[in-house]
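Colleague: One line per chain: the protein sequences are W and L, in this order. Sequential numbering of the first sequence, starting at 3, is according to the numbering used here. Sequential numbering of the second sequence, starting at 626, is according to the numbering used here.
In short, the hints are calculated from the structure, not lab data. From the three backbone atoms N, C-alpha and C, an ideal C-beta is built for every residue, glycine too. Among the clues, some could well be false.
As the list claims (entries may be wrong) - Just a sample of chain L residues kept apart from chain W, beta carbon distances all over 10 Å, derived:
id, residue
1, Gly646
2, Ile650
3, Gly774
4, Leu879
Stated by the list, open to error - Listed next, the stretches of chain W that the computed footprint assigns to chain L, with coverage defined by at least 3 CB atoms under 8 Å from CB atoms of chain L:
id, segment
5, 252-258
6, 387-399
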Amino acid sequence: MGYSYTKPRQETEISKRLSKILYLFYILLIFLLIRFFYLQIIRGDYYLLLAEGNSEQILPLIPPRGIIYDRNHKILAKNIASYNMAIIPAYLPKEKKLRQKLISDISKRFQIPYETIIKKIEYQLTSYKPILLKENISKKEIIMLEEQEKKYSPLKVISYPARNYTYGESLAHFMGYVGIISKKEIEEKRNNKLYRINSIIGKTGIERQYDIMLRGIEGADVSIVNTLGEPIKDLPEKHIKPVPGKNLVLSIDGELQDLSYQIIKGKRGIILITKPATGEVVVFVSSPSYDPNIFLDSEKIEKTFTELSKKPEKPFLNRITQGRYAVGSIFKIVTSLSALEDGVLNPYELVDCSKGYFEVGNRVYKDWKRHGYENLFTALQKSVNVYFYKLGYRLGYAAILDYSRKLGLTSKTGIDLPDEIPSFIPTPEWKEKTFKEIWYDGDTVNAAIGQGFITLTPLAVNNIISFVAADRVFKPRIVWEIRNPYTNSVEKRFEPEELTSYHANPKNLKYIREGLKLVTLERGTAAYHYYVSKIPIAGKTGSAQNVENKTHSWFTSYGPLDKPLNEQFAITVMVEASGHGGSVAVPISSLLYNFIEGKMSKETVLKEIYSIYKYQGLEN
Amino acid sequence: MKNIFKISAKIDLWLILVGLGLSIIGIFFVYSSNINKDYYKYVKQITSLVIAIVFYIVLATYDYKRLVNKWMFFYAAGILLLLLTLVFGTRINNSKSWIKILGFSFQTSEICKIFFVISLASFIEKFKENIKNFSFIIVSFALLLPYIGLLLLQPDLGTTIIFILITFIMLFISGARFFYIGVFISVIGVAIVISFLSYVLDFYSFSSFFSIMKNHTFLILLGIILLGIGLLLMLINFITPKQMKKLFYTYMSLLVIGSGLILSVPAKNFFKDYHYKRLIVLLDPEIDPLGKGYNIRQSLISIGSGKFVGQGFTMGKQNRGNFLPSEDTDFIVSVIAEETGFLGISILLILLFLLVYKSLHIAFSSRDFIGYLIAGGISAMYISHITINLLSATGLSPVIGIPLPFVSYGGSSLITNFIGLGILFNIESKKFTYISV
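Next up, chain L with everything else stripped away, as it sits in the complex (with noise of 0.2 Å):
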């Protein structure tokens, strides 16, 4: 106990009362946007506050090195987990994600990702050497991948998405090669854009002429001719190194478009019809305002109508005619717009940036490379949370439903995102730590 108070005292206290700031503003708007339905849910979230601090100062005062010590066991506990919920969960929202005991739902994803963290922070570390090749990437993505397939099977979208931004992140952050990582997501990105717009072309109806793209041996075909034509120019590469430059970015290009449309084949009886519905609807809200438009429709008429100063706390009018749905959760920003104005947002996101500075601050300042690769990671959870949700919000991408840390109603999230606070503490109260010079 002393030694907290020493340490204490040099390592500034912004990031907890961020925390805490966060969370009370999360208390205040649970409670106005179930004024009308579940009053009492704020006294759930006060109750999910106490536990997290609870768990705060234990995660605080615990070595995180002795976390690292048991990264494995982390990593097989976290698919377990996700496991058990696929086996035993409860649905809730079409999605099995959640785990009931005695009276308490707990969303095992959630703590998933402190694990799964602490496992990737480690390995990198371990095999810090091969950072910079190709494979190193190869297999973090390994490591992510029985997560993210338990993950889809609840189905759980959203939270694979973080998940793999985290991942992406603490990657980037870690010094594998930047290119490597560039490469793998455009494949990705090439994967996915071409299954979407296949879709999004037989929904819209248009001319004969764009259906091709739904056939998928035409698809497969033009990726194989692609990706021969590139790996062509590669070998043609090797053996006259002259023009290196232009060619790579041909030829690498040519192979990663031809991947991707190869890909793109699987990833089409990948995604379900209503996750293209929601990019659709991004597009053109007005297509389905009762549907999957609604959401967003909804949401944007919360925010504008909050107009500068917002029309009062509790007194939003769409929040009192319940038109937003999952306003205590995806949407609760959206409530904070509405009954706080222009104003109360711009104090909102000027909290989150602190957030995120601080936890990256404590990251920069780490004395090891370990802890600089955890709190990364939680960083990378902050971050990933913080931008699907308020984008989604704003309706500049498709709603997936991603918690805002802190301030989102919910107790699973909230324990989490503390547990994440005090870990950052930990490894900030280490940074003064003295070794034997």
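Extracted from the complex, chain W is given alone in its bound form (with noise of 0.2 Å):
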């Protein structure tokens, strides 16, 4: 080698310190490579997975929901526009200190407490998610928030379609009241495209049964949006046109349904009035009742909720599906009936009622009054227990429960609600098995005037008299429309449908047509009220024992008799613990019958109806 060069002074220390820094560098990279390893190998899937959270977005669209009208296209229930604000914090400055300020302006302005925003947006500063912060804001809010919009940027109003319904309290029963989907119904109805998490739903009443039709189908807006929320990008391609929900038309017909329950509000007791030729369902109170309007605002559902439910007169308890009452002496129809039609009764056949008590085996059957000679049609105009105590020991209950079922009161009455129940009427092998006893005699007797097991529903009782009326028995209907939302054609019309195909013999059943009317006259049980006998109508009236001394107080009609069947209407009013048929129930529907063809205002019958209550004690 011929060359040499000059190295450095202390090469060996020299040369030891650059190695040192070359080691170091070597280490470092070595421990890159491993922390490269550690996210792309061992934590690669999480991250792509963080990396593919670039999604679509899908924002649903929720259509209007169904407007649901009376008889007379009057609304009684629509959407109306309720507005909540929520904030995304995101939007919010990423000061701190600029943004505990403005936190604490939207505080003081709209009344919410500092705390309560803090823990809302707590761990997602970041989010581009809405999060609520106050539900129905005032107009005023709303104006706030437009004004100064630059300042307010981290708001937004949020508006959802909330229900209202028109006369609130008197109809809450039939129509019931949407909310959200919980837990119990998505799990239900899993397989079913239209429901997801939130969801608004029908929950009870017509709002239920109908739920499918009145919602509609939901659209979309699909758009892509980033890790953090952000949409990025818009896909009209993808966008659904959401369809709005179907109108439905009913018969109820409202202004009558508020009266009714403007009647009996504070009582606890039912009115029902139905067509007979049709089974339209014109009025359907159920008393107490509570406001559908309120759970609008989820803050107050629970609290509403678990205090209504405490309450003892059970406002929720829908009485006319889900009440089953003894009827007393209005089954006597039904007893007449079977007799009538079995051959069995000759009606104009005296009877000695004149002991005022009927005598089986030991036992001994009561009247409640001692009467003379009796024949079908003085014994249904004064409620004569001792007549029918005969007739149905005479009977046999074998023809009283076939008589029953053909008019449709060992089931469901079909009406279209969710949740009602059927009627109750027993036979001997439901006896010996529940009790261990056989059917005597005796439950036969009190069978015959309605007492013992027999309880039905007010539906029920409101389909005897509606088949005394027309001679056939229908399915109670209150949806007759389905219409279209945008054109208001009319998509579906529901037909009456039969309950059952039963048929009296038009001579037995003009006999006691008769008899139900001459319970108006004279001296019949509904026949010392002034206004009875202003409409001609005939009934039945009922004093069902109860648990409480009073007895129940029952009156099941139709009229008026001077109209075609076709416009006549078939009403049952009941009012618990109120005293004997007459005593309230008759003037109720006498009044209503008064109202109904035009010969009293709405103001005259509830002074009435007040000072009736007055009369018997009964002011709330």
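Each chain sits in its own coordinate frame; assemble them with the hints.
Modeller: Here it is in structure tokens:
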């Protein structure tokens, strides 16, 4: 080698140092390699998932819910916009101090506790998803937000459709209400694509029964968002147009419904008005009731719900579809019909009812009064127990059971509401199974006047009188038309549907009608009210024994008798613990007929009712 | 011209090839990361590469010793340049680091790195007799001070750290007392740590027990106490030199911590809010995923989602969704990781290692001390850039905006790095210089 070069001084130490640097760097790179390995191989899937968080965000477009009309095309249920206020944390100032300042300003202006806001946005300061701050904000608050848009840019007004019920409390029991779908409901409707988490769903009543018609079909707005939820691209080609819900037309008369509710408000009971010719339900009142409009405010819902559920008078109980009562003397119609149809009764035959009781075996069955010699007509007119004890004894329970079935009393009436329960007509088999006793004659005798084990729902009772009026048993129905929300054209019209195909012998029916007409005349049990005679009706009173000392007051009737069948109404009224049938149920019914026939104004009806209550000592 | 050919026959071409290789990789990924944005950025990078190669050729043929002769000029020029930048510069991303001439932007701090390396190397060479003194270290840092002072006024914390690292490495390889360097680092280290601690504790709202650390008087008082005890022990040590070693470490630690505490107070005023936030976000990226934590989070997602073979060139999801900020500068390695996976990254790391190894090797085989120092300084430049850039991208250090040499987008940076390669080439070419024996 013919060269040399001057080496730096302290070569070994220096080369050691250089080597140290190189080694350090080498170790650093190895360390980084391991870090990359960790990130890419060990946690690769996790990060890939995050990267793929670049997903399509589907924004559901919720169509307006169908509007519900009454028979006169008055709106019973409609949609109103309710406005909530939400906050988008990502739009808050990044500077801690500025952010806190804005939040305390918001807290003051909109009366939301500072702590509440902090808690809601605490771990989501970066999210683009709106977080609900306040529900049902006022117009004033909306204006404030609009005027100071820049300042309140993190705040957003979200409108959502809420339901508004025109007659509030009066129709809650058939209308129902809507709410957010519960876990249980999601489970049940798992396979139905119409329902998602946070869907609004009808919970009870018509809102539930016809929910699928009413809710329409959701649409969707699709956009691509990044991992932080921020939309970065719209996909108009994937947009699905929402289909609005269908409108419903009911046979209910809103005004009459409201008046009926005003009549028995504060009491426990029902008013049911139908048209015997078709089964149209015109009035469906169950009292006490609740205001379905309260279920708009979700914070209020829980509180109110628990409060109301605790009340002893059970405001949530739908007494028409879920109340089973002992109806007492009303059942005499069934006994009469059975005997006549079976051919074992001569309606003109006089029977001795003067003893005031009837003996069977070693039991004594009492009458409410000592009568004289009665035939079918007067027995019905004066509701003579002994007549029917004897009749029942002679007839036998099998016949009663048979005609109960024919009248549809042993099954549900099939009204288009959820949760109906059937009436209860006992059978000897049932008695043996339940009480380990055979059917006694005494049971038959009791049954003949509607005592004993027989319990009927008001719908069943109404069906009995409707049969008398029309000679047919129809299924009661509330919704009669489904209409297109855009054009209002009828997409489906329902036809009256028979519950049973039973028809009575017209002669027999005539006898019963006579008897029932007499109920409202002369010494009939419904005769002594001033307004009864004004409109010709036929009906039957009932006073059902009940646990408390006062009996339930029943009156079921139809009329006006001077009108053709398709213009007649069947009215069933029951007021719990209010005395005899005649005391309250009859006046209510007759006033209603007067109103329907245009003979009285609303105010007069109510005035009369209140004075009757006062007279009976039934004031609220 | 004849000389070059002769010399280059015996000089390995690894360095320039690695440099070019990294630059080409850089161009590809500048293209990929800007595919949805500034599509033609890669053209700018190619142009810069061409200019850089020109500079490379110039510096490779220019005797580095002649650079050394002008070291004071370079030193002053650097300071002047930084001053001018402060006065006439344009503000980009909150830092006034750029000067616009004829429509082109130059980041002046880049070339200043070369100026400073030359200056510091010359200084060390001139005063190499005193290399073992503590004062040597002090003076070296005095030289550094104007540069980092001006840099911090821009403000550019990242480049400041680069300068500090280069200084440390150059002092280290020059043979200065490691111990002193260590002390220096420790004092500054303690000061920074304590100032950060008090901020971090405040941020996380710990109980009032720790809030005492925010109290300046407390810190200074404690510092003085510790310093006092330390000095006392040192005094004792002088008087009774028996238990030297044990006491030595004790009082040195106390002195270091004590001074650190005292210095932490001015340090606190020195660091801004967002500096602290960057550190906190390191510990807990989720705390501010939209703000300071966003970069780190996105970078990790990009890197991780590359897995073994990557998602394919220009096919990176993060890349296409434009989730990564500074994707062609600070985080270009994340794009590479996402699109070429672990495989690609391994290759990149190998190339980077080769770059440093070859540079250091040139330092080792340099024929004189000054060459050694300059080569070492330039190596230090590469080392510090690579270290900080890769550590930030992988979430192991706060993000301070340092580009990856040759790969990241940036004309000034690319040119400076090739100037470095040129000087290295020149130094290497001289190792076989004949001297008259």
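Colleague: Would you list, in rising numerical order, the hints stated earlier that this structure does not obey?
Modeller: 5, 6
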